[in-house]
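Chain by chain, the residues:
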Amino acid sequence: QKEVEQDPGPLSVPEGAIVSLNCTYSNSAFQYFMWYRQYSRKGPELLMYTYSSGNKEDGRFTAQVDKSSKYISLFIRDSQPSDSATYLCAMIDYGQNFVFGPGTRLSVLP
Amino acid sequence: EAQVTQNPRYLITVTGKKLTVTCSQNMNHEYMSWYRQDPGLGLRQIYYSMNVEVTDKGDVPEGYKVSRKEKRNFPLILESPSPNQTSLYFCASSSSSGETQYFGPGTRLLVL
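As they're listed, the protein sequences go chains A and B.
The opening position of the first sequence corresponds to residue 23 in our numbering, with each subsequent residue numbered one higher.
The opening position of the second sequence corresponds to residue 249 in our numbering, with each subsequent residue numbered one higher.
Derived from the structure by calculation, the hints contain no laboratory data.
Being a predicted model, the structure only gives us computed values, none of them experimental.
Among the clues, some could well be false.
Stated by the list, open to error - Quick look at which bits of chain A chain B covers, simulated, 3 or more residues with Cβ under 8 Å:
(1) 67 to 75
(2) 86 to 93
What the hints assert, rightly or not - SDA-like cross-link-like pairs, simulated, lysine to any residue; straight-line CA separation at most 25 Å:
(3) K89/A to T334/B
(4) K92/A to R292/B
(5) K78/A to T46/A
(6) K24/A to G264/B
(7) K64/A to R292/B
(8) K89/A to G306/B
(9) K24/A to T348/B
(10) K89/A to V35/A
What the hints assert, rightly or not - Negatives, chain B to chain A, calculated, CB over 12 Å:
(11) E249
(12) V252
(13) S272
(14) R292
(15) R320
(16) R356
All C-beta atoms, glycine included, are put in the ideal place defined by N, C-alpha and C.
Using the sequences and the hints, build the whole thing.
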């Protein structure tokens with residue numbers, strides 16, 4: 023079993039839909055949780071990060087962490103074609119070991 | 249402009265020929281890291297550095313070396329590249345413990 027699991031997709035949604043992206047993990051030592059967005063032929067860019075269970079909102083994006091279930095989510099409201107990208111969850115443990123999920127490819131259709 | 253730069257962006261080489269991929273950041277970040285990205289496997293950490301002269305292994309360090317002699321530079325060295333090191337490589341930097349990493353544009357390496 024991989025340390026971090028993520029549905030690889032591809033996920034296709036119509037413009038304006040609410041998108042839910044999810045990751046599960048097995049290592050209870052992970053303390054920081056992040057979501058990155060990666061456009062084709064580009065490096066990942068940080069969208070959001072959090073270190074506690076609960077929700078964190080930033081514009082159309084909401085990150086949710088449930089440490090008891092070892093489950094994190096990213097919600098995108100009013101999705102736009104410009105949101106089409108690969109979304110990577112990432113986590114850091116106490117030893118500064120950085121682990122990424124394999125990524126979910128999202129397509130938002132106009 | 250704050251950025252992480254990598255060179256070269258594309259490289260084709262042959263098995264056993266030593267190569268170095270350079271990484272430089274202009275944000276005075278302490279933390280720097282190297283990753284490789286492969287289809288279906290996502291990003292995997294190769295090495296990271298918490299500060300000058302401090303480096304540590306990530307998940308997949310075999311076949312790679314790094315050095316951190318200056319704060320801004322963190323080169324990745326492949327002493328004897330093999331075809332299984334064909335991949336897309338990213339360098340990243342961060343100002344603190346690494347949770348807000350900034351990534352370079354990537355280096356696509358093909359080892360024949």
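Cross-check of the supplied hints:
For the stretch 67 to 75 of chain A, the assignment as covered by chain B holds, since 4 residues bring a beta-carbon within under 8 Å of that chain's beta-carbons and 3 suffice. Coverage of the stretch 86 to 93 of chain A by chain B is violated in this model, with 0 residues showing a Cβ closer than 8 Å to a Cβ of that chain against a need of three. For the hint linking K89/A to T334/B, the alpha-carbon distance of about 36 Å lies beyond 25 Å, and the restraint is violated. A distance of roughly 20 Å separates the Cα atoms of K92/A and R292/B; the hinted pair therefore holds under the 25 Å criterion.
This hinted pair checks out: K78/A and T46/A have alpha carbons roughly 18 Å apart, not beyond 25 Å. Taken as a hint, the K24/A and G264/B pair is broken in the structure, with Cα atoms around 31 Å apart against an allowance of 25 Å. Straight-line distance between C-alpha atoms of K64/A and R292/B comes to about 16 Å, which keeps the hinted pair within the 25 Å bound. Distance restraint check for K89/A and G306/B: the Cα-Cα separation of roughly 24 Å lies within the 25 Å cut-off, and the hinted pair is therefore satisfied.
Only pairs whose Cα atoms come within 25 Å are accepted, and K24/A paired with T348/B is accepted, the gap being roughly 23 Å. Note on K89/A and V35/A: the hinted pairing is violated, with a Cα-Cα distance of about 28 Å set against a maximum of 25 Å. No beta-carbon of chain A comes within 12 Å of the beta-carbon of E249/B; the shortest separation is about 15 Å. Not every CB of chain A lies more than 12 Å from the CB of V252/B, the least distance being 8 Å, so the non-interface label is violated.
Annotated as non-interface, S272/B keeps its C-beta farther than 12 Å from every C-beta of chain A; the closest such distance is 14 Å. Listed as outside the interface, R292/B is inconsistent with that label: its C-beta sits roughly 7 Å from the nearest C-beta of chain A, within the 12 Å cut-off. Every beta carbon of chain A lies more than 12 Å from that of R320/B, the smallest distance being close to 18 Å; the non-interface claim holds. Not every CB of chain A is more than 12 Å from the CB of R356/B (nearest about 9 Å), against its label as outside the interface.
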